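Enquirer: Sequence:
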Amino acid sequence: MVGFDAKASFAESPVARLATITPAGLPHLVPVVFAVAGDSPDLVYTAVDAKPKTTRRLRRLANIAHDPHVSLLVDHYADDWTRLWWVRADGAATVHTEGPAMESAYRLLRAKYPQYQSVSLDGPVIAVAVRRWSSWHA
1 MVGFDAKASF AESPVARLAT ITPAGLPHLV PVVFAVAGDS PDLVYTAVDA
51 KPKTTRRLRR LANIAHDPHV SLLVDHYADD WTRLWWVRAD GAATVHTEGP
101 AMESAYRLLR AKYPQYQSVS LDGPVIAVAV RRWSSWHA
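Numbering-wise, UniProt numbering puts 122 at position 122 of the sequence shown, and it's gapless, one number per residue.
Because the hints were derived from the structure by calculation, they are not lab data.
A few of these clues could be false.
What the hints assert, rightly or not - When the alpha-carbon atoms are kept at most 20 Å apart in a straight line, the in silico EDC-like pairs for lysine to aspartate or glutamate are as follows:
no. : residue 1 : residue 2
1   : Lys112    : Asp67
2   : Lys112    : Glu12
3   : Lys112    : Asp122
4   : Lys112    : Asp42
5   : Lys7      : Asp122
6   : Lys112    : Asp80
7   : Lys7      : Asp75
8   : Lys112    : Asp49
9   : Lys7      : Asp42
10  : Lys7      : Asp49
All values reported here derive from a predicted model rather than from experimental measurement.
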């Protein structure tokens with residue numbers, strides 16, 4: 001793949017997998033929708049929305065409170081293996097329940113996902129300050 005732009009491919013992806021670490025030191029992985037801050041490509045937001053969940057006290061939030069180290073992974077699979085790629089963003093996460101980070105995240109998420117015109121976006125925001133980017137492409 002000539003001219004592969006890892007950060008752009010990451011930002012344009014519709015879904016990522018968020019990896020956190022449990023208090024017992026085990027990995028916890030969940031799919032998330034996300035948006036990259038336009039003014040800072042090393043800042044990634046995801047939020048807890050109103051889609052049905054067993055509880056609003058999500059394990060990912062508790063894990064981040066215990067250990068802020070996280071990874072976000074996006075990938076592209078195709079039967080044509082010359083088109084395969086993945087991008088990983090490793091960083092430190094913070095959880096926001098009010099303030100400018102929350103407002104920015106909601107604005108960016110609503111702009112990226114038209115579904116947020118009908119799904120309420122009203123929960124905590126996870127902001128990931130990316131410290132390391134890794135990628136591979138065929």
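Enquirer: Now look at each hint and say whether the structure bears it out.
Expert: Hints versus structure:
1. At roughly 28 Å between alpha-carbon atoms, Lys112 and Asp67 are farther apart than 20 Å, so this suggested pair is violated.
2. Taken as a hint, the Lys112 and Glu12 pair is honoured in the structure, with Cα atoms around 9 Å apart against an allowance of 20 Å.
3. Pair hint Lys112 plus Asp122 holds up; C-alpha atoms about 16 Å apart against a cutoff of 20 Å.
4. Pair hint Lys112 plus Asp42 holds up; C-alpha atoms about 17 Å apart against a cutoff of 20 Å.
5. A distance of roughly 27 Å separates the Cα atoms of Lys7 and Asp122; the hinted pair therefore is violated under the 20 Å criterion.
6. With a CA separation close to 28 Å, the supplied pair Lys112 and Asp80 exceeds the 20 Å bound.
7. With a C-alpha separation of about 12 Å, the suggested pair Lys7 and Asp75 falls inside the 20 Å cut-off, and the hint holds.
8. Of the pairs offered as hints, the one joining Lys112 and Asp49 holds, with about 14 Å between alpha carbons and a cut-off of 20 Å not exceeded.
9. Under the criterion of a C-alpha separation no larger than 20 Å, the hint pairing Lys7 with Asp42 is consistent with the structure, at around 9 Å.
10. For a cut-off of 20 Å, the pair hint linking Lys7 to Asp49 is broken: about 25 Å separates their Cα positions.
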